[in-house]
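There are 2 protein chains.
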Amino acid sequence: MTVAAINVAHDVSRCRRYHLGMGRWEPNARGRLMQAAFALYGERGFEQTTVAEIAERAGLTERTFFRHFADKREVLFAGAQALQELLVSTVADAPASLAPVEAVAAGLEAVGAFIQEGGELAHERQAIIAASAELRERELIKLASLAAALAEALRRRGVAEPAASLTAEAGIAVFKVAFERYVEETNEQDLPSLIRDSLEELQVLTAAR
Amino acid sequence: MTVAAINVAHDVSRCRRYHLGMGRWEPNARGRLMQAAFALYGERGFEQTTVAEIAERAGLTERTFFRHFADKREVLFAGAQALQELLVSTVADAPASLAPVEAVAAGLEAVGAFIQEGGELAHERQAIIAASAELRERELIKLASLAAALAEALRRRGVAEPAASLTAEAGIAVFKVAFERYVEETNEQDLPSLIRDSLEELQVLTAAR
Chain A
12 MTVAAINVAH
22 DVSRCRRYHL
32 GMGRWEPNAR
42 GRLMQAAFAL
52 YGERGFEQTT
62 VAEIAERAGL
72 TERTFFRHFA
82 DKREVLFAGA
92 QALQELLVST
102 VADAPASLAP
112 VEAVAAGLEA
122 VGAFIQEGGE
132 LAHERQAIIA
142 ASAELREREL
152 IKLASLAAAL
162 AEALRRRGVA
172 EPAASLTAEA
182 GIAVFKVAFE
192 RYVEETNEQD
202 LPSLIRDSLE
212 ELQVLTAAR
Chain B
12 MTVAAINVAH
22 DVSRCRRYHL
32 GMGRWEPNAR
42 GRLMQAAFAL
52 YGERGFEQTT
62 VAEIAERAGL
72 TERTFFRHFA
82 DKREVLFAGA
92 QALQELLVST
102 VADAPASLAP
112 VEAVAAGLEA
122 VGAFIQEGGE
132 LAHERQAIIA
142 ASAELREREL
152 IKLASLAAAL
162 AEALRRRGVA
172 EPAASLTAEA
182 GIAVFKVAFE
192 RYVEETNEQD
202 LPSLIRDSLE
212 ELQVLTAAR
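Here the protein sequences come in this chain order: A and B. Reminder that position 103 of the first sequence reads as 114 in this note's numbering, one-by-one numbering, no gaps. Reminder that position 85 of the second sequence reads as 96 in this note's numbering, one-by-one numbering, no gaps.
You may find that some hints are simply not true.
[What the hints assert, rightly or not] In silico DSBU-like links for lysine-lysine, alpha-carbon gap of 30 Å or less:
#, chain 1, residue 1, chain 2, residue 2
1, A, Lys-83, B, Lys-153
2, A, Lys-153, A, Lys-83
3, B, Lys-83, B, Lys-153
4, A, Lys-153, B, Lys-83
5, B, Lys-153, A, Lys-153
[To be verified] Okay, the calculated bits of chain B under chain A, using three or more residues with CB under 8 Å as the criterion:
#, segment
6, 53-61
7, 83-91
8, 128-135
9, 141-154
FYI, nobody ran anything at the bench for these hints, they're computed from the structure. Just so we're clear, the structure is a prediction, and the values are computed from it rather than from any experiment. Cβ atoms here follow ideal geometry from the backbone N, Cα and C, with glycine treated the same way.
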């Protein structure tokens, strides 16, 4: 109970930055819905939580929920589009002199810093996703779409195929492994530096032929 | 009609190697069901095909279908377990002196050769999967499970984390890009050599920092 109460208190501030202000009559409805959903998913599990329960916990109606999210799953993936835009724009804005892998590194480190800013949110979200096969699958699909967007950003920098897809897929592989290390209990490194380390390690590993 | 007829004729021989001999009373039921399913998915699309239609085309009952496959989707992914076992056993059997990335390369090239042996089957399967969001998602999940099995095979060779996961994820990224090149209409290279080329290109790309 204490832990849950602390989580809820943390969520209030954390969810605020996701607030898109869709209606003045319900201040921060989006943030309140996210906070309620994360708390319930953590307490009962994702499958056992209904949209009605999320709305009730947030003191809002189901109708309001569906104005903000397509379904209860999308509460967990609402940030994916913002992450993708951050990744793509960082790669696009990187100096033209940077090698493709360096542009990708810059993009992934920006994403890492953004996730890091969210504090414990990433860890809570990861625990919820790890507990559900459906959510793990959705996460894979979001990562694949991140890889496709990254490859497209590289092609727009003039990187030819298959170099663009290879660099993008390898970059997402690095991100995935770095993120797994980040959410581990024992880890104390920040996410951008884990991404940098993993990329350097990949370089050493592929060179060892 | 001519193309479909040729495909069906090809499928008969191709599907034979998937036959697991689950019942003497229906010779090659599994192969006949696969052949019928691939033909119908190609003609009508995956979503528009029912299990009843597959069974009818194969001259078998729905009950027989469900003795061989959990559902119509699994017809397309029945080979995944065999591929995974081939990958894992090749990595396990690679000389201890090989660097992790070389052991992964050996495993992926063995998988590539196996797919290559199936002739046009990989191309047909890819076209069916590309046309369906549900199947594309299932393919991503199978690739993720391939990456996890590969990482485990590396750990059993004594490779520590995160090197094992990084090498495995990068290996699957290489495989994915090589396979996409392989099924492209214009490609004339064989799959194992595309895998080798992609791995070498990744090495060059990650070194360019």
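Evaluation of the provided hints:
{"no.": "1", "hint": "A:Lys-83 with B:Lys-153", "result": "25 Å, holds"}
{"no.": "2", "hint": "A:Lys-153 with A:Lys-83", "result": "16 Å, holds"}
{"no.": "3", "hint": "B:Lys-83 with B:Lys-153", "result": "16 Å, holds"}
{"no.": "4", "hint": "A:Lys-153 with B:Lys-83", "result": "25 Å, holds"}
{"no.": "5", "hint": "B:Lys-153 with A:Lys-153", "result": "15 Å, holds"}
{"no.": "6", "hint": "53-61", "result": "violated (count 0)"}
{"no.": "7", "hint": "83-91", "result": "violated (count 0)"}
{"no.": "8", "hint": "128-135", "result": "violated (count 0)"}
{"no.": "9", "hint": "141-154", "result": "holds (count 3)"}
Going through the hint list in order, the structure does not satisfy hints 6, 7 and 8.
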